[in-house]
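Student: Here is how the chains run, residue by residue.
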Amino acid sequence: MRCYAVVLPVRSASGLSGRKGAGDQEEEDQPLQAVLVADSFNRRFFPVTKDQPRALLPLGNVAMIDYTLEFLTSTGVQETFVFCCWMASKIKAHLKSKWCRPSSPNTVHIITSDLYRSLGDVLRDVDAKSLVRSDFVLVYGDVVSNIDISQALQEHRHRRKMDKNISVMTMIFKESSPGHRSRCEEDDVIVAVDSKSQQILHYQKTQGLKKLQFPMNIFHSGSDEFEIRHDLLDSHISICSPQVAELFTDNFDYQTRDDFVRGLLVNEEILGNQIHVHVTKDGYGVRVSNLLMYDSVSSDLVRRWVYPLTPEANFTDQEGHSCTYSRHNVYRASGVSLGHGSQMEENVLISCDTSIGANCYISNSVIGDNCIIGDNVVLDHAYIWNHVHIASNVEIIQSVICDKAEVKEGVTLKKQCVLAYDVVIGPNISLPEGTVVSMHHPEEEEEEDDDEFLSDDAEVGHRSDKTKQKVFNPAEVGAEGKGYIWKASSLDDTEEEELSQCLWGRAAVHRHGTDPESDSEDSETDGPDDPVIPSPEMDDVKVFHMEVLGTLQRGLEENISCDNLVLEINSLKYAYNISLKEVMQILTRVVLEYPFQQQGSHLTPSQYVALLLPLLKKWAPVFKNYVKRAQDHLDCLSAFEEHFLEQESHWAAMVKVLMNMYELEILEEEMILRWFSQGATGDKSRQLRKNQGVKEWLQV
Amino acid sequence: MPGPYKETDLTERVEAFLSDLKRGGTGAGPLRGSAETARETTALLRKITAQARWGSAGDLMEIIRKEGRRMTAAQPSETTVGNMIRRVLKIIREEYARSRGSSEEADQESLHKLLTSGGLSEENFRQHFAPLKANVIEAINELLTELEGTTDNIAMQALEHIHSNEVIMTIGRSRTVEAFLKDAARKRKFHVIVAECAPFCQGHEMATNLSKAGIETTVITDAAIFAVMSRVNKVIIGTQTVLANGGLRAINGTHTLALAAKHHSTPLIVCAPMFKLSPQFPNEEDTFHKFVSPHEVLPFTEGNICKKTDLNHVPTFGKSFSDLDISSLSFFFFLNTSHFSLRISGEILSKVNVHCPVFDYVPPELITLFISNIGGHAPSYIYRLMSELYHPEDHEL
Numbered sequence: 001m002r003c004y005a006v007v008l009p010v011r012s013a014s015g016l017s018g019r020k021g022a023g024d025q026e027e028e029d030q031p032l033q034a035v036l037v038a039d040s041f042n043r044r045f046f047p048v049t050k051d052q053p054r055a056l057l058p059l060g061n062v063a064m065i066d067y068t069l070e071f072l073t074s075t076g077v078q079e080t081f082v083f084c085c086w087m088a089s090k091i092k093a094h095l096k097s098k099w100c101r102p103s104s105p106n107t108v109h110i111i112t113s114d115l116y117r118s119l120g121d122v123l124r125d126v127d128a129k130s131l132v133r134s135d136f137v138l139v140y141g142d143v144v145s146n147i148d149i150s151q152a153l154q155e156h157r158h159r160r161k162m163d164k165n166i167s168v169m170t171m172i173f174k175e176s177s178p179g180h181r182s183r184c185e186e187d188d189v190i191v192a193v194d195s196k197s198q199q200i201l202h203y204q205k206t207q208g209l210k211k212l213q214f215p216m217n218i219f220h221s222g223s224d225e226f227e228i229r230h231d232l233l234d235s236h237i238s239i240c241s242p243q244v245a246e247l248f249t250d251n252f253d254y255q256t257r258d259d260f261v262r263g264l265l266v267n268e269e270i271l272g273n274q275i276h277v278h279v280t281k282d283g284y285g286v287r288v289s290n291l292l293m294y295d296s297v298s299s300d301l302v303r304r305w306v307y308p309l310t311p312e313a314n315f316t317d318q319e320g321h322s323c324t325y326s327r328h329n330v331y332r333a334s335g336v337s338l339g340h341g342s343q344m345e346e347n348v349l350i351s352c353d354t355s356i357g358a359n360c361y362i363s364n365s366v367i368g369d370n371c372i373i374g375d376n377v378v379l380d381h382a383y384i385w386n387h388v389h390i391a392s393n394v395e396i397i398q399s400v401i402c403d404k405a406e407v408k409e410g411v412t413l414k415k416q417c418v419l420a421y422d423v424v425i426g427p428n429i430s431l432p433e434g435t436v437v438s439m440h441h442p443e444e445e446e447e448e449d450d451d452e453f454l455s456d457d458a459e460v461g462h463r464s465d466k467t468k469q470k471v472f473n474p475a476e477v478g479a480e481g482k483g484y485i486w487k488a489s490s491l492d493d494t495e496e497e498e499l500s501q502c503l504w505g506r507a508a509v510h511r512h513g514t515d516p517e518s519d520s521e522d523s524e525t526d527g528p529d530d531p532v533i534p535s536p537e538m539d540d541v542k543v544f545h546m547e548v549l550g551t552l553q554r555g556l557e558e559n560i561s562c563d564n565l566v567l568e569i570n571s572l573k574y575a576y577n578i579s580l581k582e583v584m585q586i587l588t589r590v591v592l593e594y595p596f597q598q599q600g601s602h603l604t605p606s607q608y609v610a611l612l613l614p615l616l617k618k619w620a621p622v623f624k625n626y627v628k629r630a631q632d633h634l635d636c637l638s639a640f641e642e643h644f645l646e647q648e649s650h651w652a653a654m655v656k657v658l659m660n661m662y663e664l665e666i667l668e669e670e671m672i673l674r675w676f677s678q679g680a681t682g683d684k685s686r687q688l689r690k691n692q693g694v695k696e697w698l699q700v
Numbered sequence: 001m002p003g004p005y006k007e008t009d010l011t012e013r014v015e016a017f018l019s020d021l022k023r024g025g026t027g028a029g030p031l032r033g034s035a036e037t038a039r040e041t042t043a044l045l046r047k048i049t050a051q052a053r054w055g056s057a058g059d060l061m062e063i064i065r066k067e068g069r070r071m072t073a074a075q076p077s078e079t080t081v082g083n084m085i086r087r088v089l090k091i092i093r094e095e096y097a098r099s100r101g102s103s104e105e106a107d108q109e110s111l112h113k114l115l116t117s118g119g120l121s122e123e124n125f126r127q128h129f130a131p132l133k134a135n136v137i138e139a140i141n142e143l144l145t146e147l148e149g150t151t152d153n154i155a156m157q158a159l160e161h162i163h164s165n166e167v168i169m170t171i172g173r174s175r176t177v178e179a180f181l182k183d184a185a186r187k188r189k190f191h192v193i194v195a196e197c198a199p200f201c202q203g204h205e206m207a208t209n210l211s212k213a214g215i216e217t218t219v220i221t222d223a224a225i226f227a228v229m230s231r232v233n234k235v236i237i238g239t240q241t242v243l244a245n246g247g248l249r250a251i252n253g254t255h256t257l258a259l260a261a262k263h264h265s266t267p268l269i270v271c272a273p274m275f276k277l278s279p280q281f282p283n284e285e286d287t288f289h290k291f292v293s294p295h296e297v298l299p300f301t302e303g304n305i306c307k308k309t310d311l312n313h314v315p316t317f318g319k320s321f322s323d324l325d326i327s328s329l330s331f332f333f334f335l336n337t338s339h340f341s342l343r344i345s346g347e348i349l350s351k352v353n354v355h356c357p358v359f360d361y362v363p364p365e366l367i368t369l370f371i372s373n374i375g376g377h378a379p380s381y382i383y384r385l386m387s388e389l390y391h392p393e394d395h396e397l
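Heads up: the sequence lines are chains A and B, in that order.
Start counting the first sequence at 1; every next residue gets the next number (the UniProt record's numbering).
Start counting the second sequence at 1; every next residue gets the next number (the UniProt record's numbering).
Hints were generated in silico from the structure; no laboratory data involved.
Every value quoted in this text rests on a predicted model; they were computed, and no experiment measured them.
Hints are all accurate, no fakes.
A few chain A residues that face chain B, going by a derived Cβ cut-off under 7 angstroms, partial list only:
no., residue
1, S74
2, S103
3, D282
4, R304
5, W305
6, Y307
7, F315
Backbone N, C-alpha and C fix where the C-beta goes; we use that ideal spot for every residue, glycine too.
Can you make the complete structure from the sequences, with help from the hints?
Tutor: So, in structure tokens, the structure goes:
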């Protein structure tokens, strides 16, 4: 944790009191933690991930999760929680062998549950088990990155110190021009950011839209300058404060990080939470979210963009996996044999004990362990995993071939084909573009769609018995072929499109020339519910006032906890469309008027104080939840002032109440002083008189 | 007796060192200087000698070889690690021979003897000597002391090589050369020209450090090396490794500099401590080169070479914009058609291969003199130093 040394002077300069300084010290001793979600919660890689979880799919012959863990370890993370759901036992077995060594600087805890169905569930579980103690790094198990996040982490911590925990999350983006091959079309975002504070003002996925809408309120926010950026690549790495997990618990409808970001931005005024960005120019950070990304990340890896995580570094310490690196980015592990006249053109990675026949032409490809490749084979952008047999005269272009698949003689795989585990194709057949072949029958999948997430290995085995009864279609997979075509005509049109989207991502669909209309349509439906906030009508404010009063009254009678009160007030705020400022003022007024409401307006100041003080004490957490920023304090104080202007007879009580609010840490001394010095605008005669008491107290 | 606690402690140290080595080389060469790596390696080897379980010199050598292979594999470009392992192995051989009572150099003086006896074979290291451990540790401590003093020893010779009002050229940043020049600057006035050494531009840092020490310094681009060379009296450079044939594996651009110096018959002096001397030959290709992320050569954003459009450059709106009286509540932002041209250029760029090598090979013919911590040597003398420092059987770990 290098960054601490740098953070310290800044903190001491900020002039925090000694008590808080001690708190900092404690926080600094906390090891950096990370939450790694080793499940994608979608079916992007589907027929492939039926046999192997996505996090374990090999990328450059190393499981994807290894890259993520290596990234976390090298960034200084000391404790990682890996959350698995689909095929958790396989992930567990994989991690046990490599990352759970006692000598590892990064302690890996594996938490499995079949009940996780989204990122939201995972984070709610993090909160329920209270696993994280301080800021943590949140990543997916398929992120490949070498970004140095220490600076982002330092900025994040600094913001949290300065702004009283308002900033809850820092998202890490990488600069990358639009249309860059490592940008995932589905993840394309437009972000409006405050130039100075790097706070996110607006966040929207473009999803192929040609026209974007921005709410006007981002232009009226306090900042002088802001940026609207489309040149950012989401690395899917975020630094979160523990509050993030709590917020997921509070809002049980948040499923993904996008939900969270959108929710937080819409509710920024109520909850007062902010999200920031950190934009990095160097480093590499991409999530492998579909096969198109798999293709581009693999080629980036072979082209050494992810240095030092290069294939020849063998960072996972696999025996026999060390390879040598030679010109034109050609990597060869031990035991590789290459036939006469075969060429490895460029960007080729061949893992150990693979033999390649004569007169082959290989470029931009990754080949796994123990593969046997025949003569006159052409491979371009081919990703061949382990134990694959490829016979002679085969041509494979931009395709993925999984473990133990077999390609017989004379087969041609056009672009974007996928052969899942154990499939046999051929001989002498040409698969059209985008064909997906799997040993699992697509219809059988339909049947058991519902319990898909709950199924485990045993069930898969049981299924394979059933598949044997169905016959393979020789016209589709060749005379000796084994496997079912997944994009067959049995599926209707919409699903076909969906499937190709699933595997190769949206960009692939574009390239096929499918109309981009469908994109804009569906993004319109789930497009941003624009937070255009019209000024609330007077009626709403009044009703809201009454509701808050009612809520507090009920809260007192039924002894409801302050957290729940906050939740209720928040939901009321939505219902009546009240701004945060008004919530603050109304809340203050309601509380101050509460004794009058109950006992009538004839109370003496001393009676009033006696009634009010216990109430204040009780509801202090509610206040603290809303009163965070400097402006909040001033708003609260102005409501306070208004109240006492109306109740002239109770000025005597004012000082006491104010003092109490100060002691309960609802209001800060600094802010009271500021209000005091500013507040003398109108009604000077009254102000001056009542200031008498305040002045004395403040001067002390 | 080393307890189980000590054993785990030791493996932890080794693992930590290994992962340090693996992650060390981000971007511009190692984060730490090679002197520090050499010291750390030697200290670790001393720890292994002290704490591992071994009965005879043969056992110890086997342990050290095993760890050594892992260490060199972790970061093949860092040859200092391998060099230090070979030095320690040599120390063990010597101490063993001394314990047996035979003279240290008896086994390799004459060619005839070398051919007939074949040196001490592994079998002969089986004998147990009680004081061997203490002796080896003592010798490793001496080696450590030697390592501590290398930079100073080299810097001390500066006044013999740098004269008043000379123009010296150097490239990139080398801690040894920096110390060397600073030492000379205490007595003499001279001018240093620093080639910046793109793309990492360590030369900038070097120039700042030198000018802080009061040396008149000029930074030039790498392309200007040849043009400026005619004014230069001496070229003084550092290196990453000195190879067995007397050639160098040095920072990228050094070969250009050496050729320019040869053309102008300017003497080229290499400041290299003895621990950089490696029994490697330049033909061992796979570990010789080191390619890092091409980021420094062509930024990942790739914005610089595609057609610039308004989207490519981030639009920034000032406060004045929001002060404008816009009646509608929303602001429309059009992605213009250039978005598509950008996508096309992105695809073309994915076909561009960018390489970013870190090291150059400089053949021995271009080098005039090596200055090491034990004095000055010609490149042709390197083989001799090699045989003094390392045992021939240790060249392959």
